[in-house]
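Student: This is what each chain is made of:
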Amino acid sequence: MAFDKPVFKAQYENFIGGEWVAPVDGNYFEAISPIDNSVMTKVAQSNKKDIDLATNAGWKAFETWGKTSVTERCAVINKIADAIEANLEMLAIAECWDNGKAVRETINADLPLAIDHFRYFASVIRSESGSVSDLDNTLVSQEVHEPLGVVGQIIPWNFPILMAVWKIAPAIAAGNCVVLKPAEQTPVSIMLLMEVIADILPAGVVNIVNGFGPECGKPLARSKEIRKIGFTGETTTGRLIMQYASENIIPATLELGGKSPNIFMESIMDADDAFFDKAIEGLVLFAFNQGEVCTCPSRALIQESIYEPFMKRVLERVAAIKMGDPLDSSTMMGAQASTDQYEKILNYISIGKEEGAELLAGGGKYDNETYPNGCYIQPTIFRGTNNMRIFQEEIFGPVLSVTTFKDLDEALEIANDTLYGLGAGAWTRNVHEMQKLTRGIEAGRVWANCYHHYPAHASFGGYKLSGIGRENHMMMLNNYRHTKNILTSYDENKLGFF
Amino acid sequence: MHAKRVESTQKANDLIDKLRQKHGTELMFHQSGGCCDGSAPMCFEVGDFMLGACDLKIGDIHGCEFFMSEDQFEYMKNTHLTIDVVEGRGSSFSIEIPLGLRFLTISRLFTTEEFENLEEIKINE
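Same order as they appear, the protein sequences are chains A and B. Each residue of the first sequence is one higher than the one before, starting from 1 at the first, in our numbering. Each residue of the second sequence is one higher than the one before, starting from 499 at the first, in our numbering.
Take these hints with a grain of salt, some might be off.
What the hints assert, rightly or not - With a straight-line Cα cutoff of 25 Å, these simulated SDA-like cross-link-like pairs (lysine to any residue) come out:
hint	chain 1	residue 1	chain 2	residue 2
1	B	Lys516	A	Ser350
2	B	Lys575	A	Asp4
3	B	Lys520	B	Thr577
4	A	Lys365	B	Asp582
5	B	Lys575	B	Phe608
6	A	Lys365	B	Thr577
7	B	Lys520	A	Asp52
8	A	Lys49	B	Leu597
9	B	Lys575	A	His432
10	B	Lys516	A	Phe29
11	A	Lys464	B	Leu549
12	A	Lys353	B	Lys502
13	B	Lys520	A	Phe29
14	A	Lys48	B	Lys502
15	B	Lys575	A	Ser350
16	A	Lys353	B	Leu597
17	A	Lys9	B	Gly598
18	B	Lys575	B	Leu597
19	A	Lys353	B	Val544
20	A	Lys49	B	Val584
21	A	Lys79	A	Ala271
22	B	Lys502	A	Lys464
23	A	Lys42	A	Val7
24	A	Lys365	B	Thr507
Claimed, not checked - Facing chain A, a subset of chain B residues (Cβ under 8 Å, in silico):
hint	residue
25	Gly522
26	Met540
27	Gly545
28	Phe547
29	Ala551
30	His560
31	Asp569
32	Gln570
33	Phe571
34	Phe591
35	Leu607
None of these hints come from the bench; they were simulated from the model. Even for Gly, the Cβ is constructed at its ideal location relative to N, Cα and C.
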């Protein structure tokens with residue numbers, strides 16, 4: 001079944017202080033869908049003036065929101081979740097068109113996860129507490145949490161709504177107000193989401209400002225009016241974000257991607273059963289979201305004793321990946337998010353061929369009959385060695401690099417021979433092997449006999465160049481709060497120094 | 499004459515000229531890694547991006563110094579880079595983005611002849 005192409009307004013303003021506000025200088029840019037490279041609508045091309053309006057609106061809102069009871073914040077956030085749920089299909093179709101990903105993913109993953117994320121943070125703020133210690137008979141220490149104020153957030157284009165929610169939900173749950181800049185490739189679906197929740201949120205608690213990185217992202221990251229900056233993207237911009245944060249001495253949380261290993265031990269083939277079927281899918285998940293996932297399992301490490309029979313089954317599964325109209329609910333892979341991304345991925349495929357990697361599947365663009373002008377690439381698998389560029393650089397496309405190992409020690413050595421450490425997968429029927437793998441891999445998230453689950457109550461973040469800080473889990477609240485210590489003396493007598 | 503590690507197309511040179519004029523200042527490049535818009539060259543005004551002891555200068559394109567981090571260079575040292583331009587909507591703080599254009603790194607392996615006669619790498623100090 002194919003959904004109808006979504007209908008957008010002719011243009012979308014910024015959402016500032018609870019109002020739809022035109023960009024101060026009156027400029028807009030065209031939002032393009034990678035599904036057919038057509039213009040969807042126009043969005044604000046904002047600059048520092050608009051960022052200043054948004055931070056001012058945030059601080060005004062903070063006077064109230066920062067003091068609003070957790071009971072009330074929880075109720076507001078739950079209402080946001082309910083409103084998104086009531087509009088799930090509309091938002092999922094818009095997300096599909098904005099980003100290019102298949103609608104079956106937006107309906108079954110992006111939107112349900114976003115809804116749950118709000119509910120999770122609404123619930124945990126009701127059930128947590130600070131701590132009190134009796135330091136001695138008369139001295140009592142209280143650790144209490146207070147929101148930071150207005151925070152800046154710059155999000156990526158691979159899961160436009162979900163990544164916005166990953167950042168917005170904990171920040172507002174903790175009592176902050178947000179100024180968020182969407183990615184320029186996917187600036188639209190988040191505005192539709194704001195239309196859905198605009199009347200629920202107190203004015204100014206969430207402000208969305210569209211624009212280009214150097215004109216709009218940079219003044220946000222550099223603003224003296226934010227108390228924290230959160231960023232998901234690549235390493236050079238990550239360094240700039242830290243540099244700007246250092247100017248104002250504010251914390252920065254960075255999620256900068258990875259080159260995640262997915263390790264398959266020989267015991268997975270001890271039986272041709274449901275678990276083996278799951279392991280095959282676990283490898284083929286490199287094609288999930290067209291490979292545009294920071295934790296894409298883009299390096300498959302397979303024990304050499306099972307390489308041939310396992311790969312035979314994998315290639316059958318890859319051949320069954322259905323491409324086509326992203327709005328058709330049976331389509332499994334959609335368009336890459338933009339033309340520059342598309343060109344970059346095709347260049348990596350040619351680097352892989354030049355470096356002598358063996359091409360096992362795909363290897364080029366996909367001609368989409370429904371949308372001949374869109375950005376489509378075939379799921380591609382190379383066999384090679386871990387020192388090749390296609391094993392070391394994040395391609396951010398449906399390109400898998402496969403290599404083999406002799407034993408567990410070699411698997412760990414290859415797995416950790418990377419600049420990054422965001423995600424990893426480990427597949428085995430042997431519990432002792434699993435313990436060594438999950439603890440031996442240098443990454444912030446290890447999926448053991450599974451992959452690509454993103455529950456709200458599980459922390460997410462990177463080792464090494466993959467970034468600083470964590471997202472998800474209630475521990476995230478403390479990334480958006482001060483800890484205040486109140487030290488109370490119940491002793492009536494002075495210290496005796498003066 | 500040494501073989502260059504990084505070169506640029508005429509389209510890239512034209513865009514560099516245009517950006518120099520628009521910003522009224524000299525420009526530099528830093529090759530990014532990581533997710534989303536990573537694995538791509540970023541163009542900045544000289545002085546905006548703080549270079550570190552971890553960065554190497556691997557060459558110049560059209561009068562702009564071109565840097566990348568040492569650990570990333572380790573994997574890219576066998577490939578020749580051509581900086582080109584593609585139409586499209588990139589994100590990041592690279593300064594050409596508002597023009598609807600994006601610098602792009604196209605790589606190919608060095609020939610043996612080139613590899614034995616490469617330009618020197620400069621460590622940023």
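Student: Against this structure, judge whether each hint is valid.
Tutor: Consistency of the hints with the structure:
1. B:Lys516 - A:Ser350: 30 Å, violated
2. B:Lys575 - A:Asp4: Outside the cut-off at roughly 48 Å; violated.
3. B:Lys520 - B:Thr577: Not satisfied, since the Cα-Cα distance of roughly 32 Å exceeds 25 Å.
4. A:Lys365 - B:Asp582: Within the cut-off at roughly 20 Å; holds.
5. B:Lys575 - B:Phe608: Given that 25 Å is the threshold and the Cα spacing comes to 9 Å, the pair holds.
6. A:Lys365 - B:Thr577: The given pair, whose Cα atoms are some 23 Å apart, holds under the 25 Å limit.
7. B:Lys520 - A:Asp52: Cα-Cα ~24 Å, so holds.
8. A:Lys49 - B:Leu597: 20 Å, holds
9. B:Lys575 - A:His432: 39 Å, violated
10. B:Lys516 - A:Phe29: Measuring from Cα to Cα gives roughly 20 Å; hence the hint holds.
11. A:Lys464 - B:Leu549: Given that 25 Å is the threshold and the Cα spacing comes to 19 Å, the pair holds.
12. A:Lys353 - B:Lys502: 22 Å, holds
13. B:Lys520 - A:Phe29: With Cα atoms ~19 Å apart, B:Lys520 and A:Phe29 stay inside 25 Å; holds.
14. A:Lys48 - B:Lys502: Given pair A:Lys48, B:Lys502 is violated - Cα atoms ~39 Å apart, limit 25 Å.
15. B:Lys575 - A:Ser350: Within the cut-off at roughly 17 Å; holds.
16. A:Lys353 - B:Leu597: Status violated; Cα separation ~33 Å.
17. A:Lys9 - B:Gly598: This hinted pair holds, its Cα atoms lying about 22 Å apart.
18. B:Lys575 - B:Leu597: Violated. B:Lys575 to B:Leu597 sits at ~31 Å, over the 25 Å cutoff.
19. A:Lys353 - B:Val544: 36 Å, violated
20. A:Lys49 - B:Val584: 30 Å, violated
21. A:Lys79 - A:Ala271: Cα-Cα ~47 Å, so violated.
22. B:Lys502 - A:Lys464: Judged against 25 Å, a Cα distance of about 31 Å means the pair is violated.
23. A:Lys42 - A:Val7: 13 Å, holds
24. A:Lys365 - B:Thr507: 24 Å, holds
25. Gly522: 15 Å, violated
26. Met540: The hint holds - B:Met540 has a Cβ within 8 Å of chain A, the shortest such distance being about 5 Å.
27. Gly545: With Cβ-Cβ at 11 Å, over 8 Å, it is violated.
28. Phe547: Since chain A brings a Cβ to about 6 Å from B:Phe547, closer than 8 Å, the hint holds.
29. Ala551: Hint violated; B:Ala551 Cβ to chain A Cβ min 13 Å, cut 8 Å.
30. His560: 19 Å, violated
31. Asp569: 5 Å, holds
32. Gln570: 7 Å, holds
33. Phe571: Not OK, violated: B:Phe571 not within 8 Å of chain A, min 11 Å.
34. Phe591: 4 Å, holds
35. Leu607: With a closest approach of 5 Å, the B:Leu607 hint holds.
Against the hints set out earlier in the document, violations occur for numbers 1, 2, 3, 9, 14, 16, 18, 19, 20, 21, 22, 25, 27, 29, 30 and 33.
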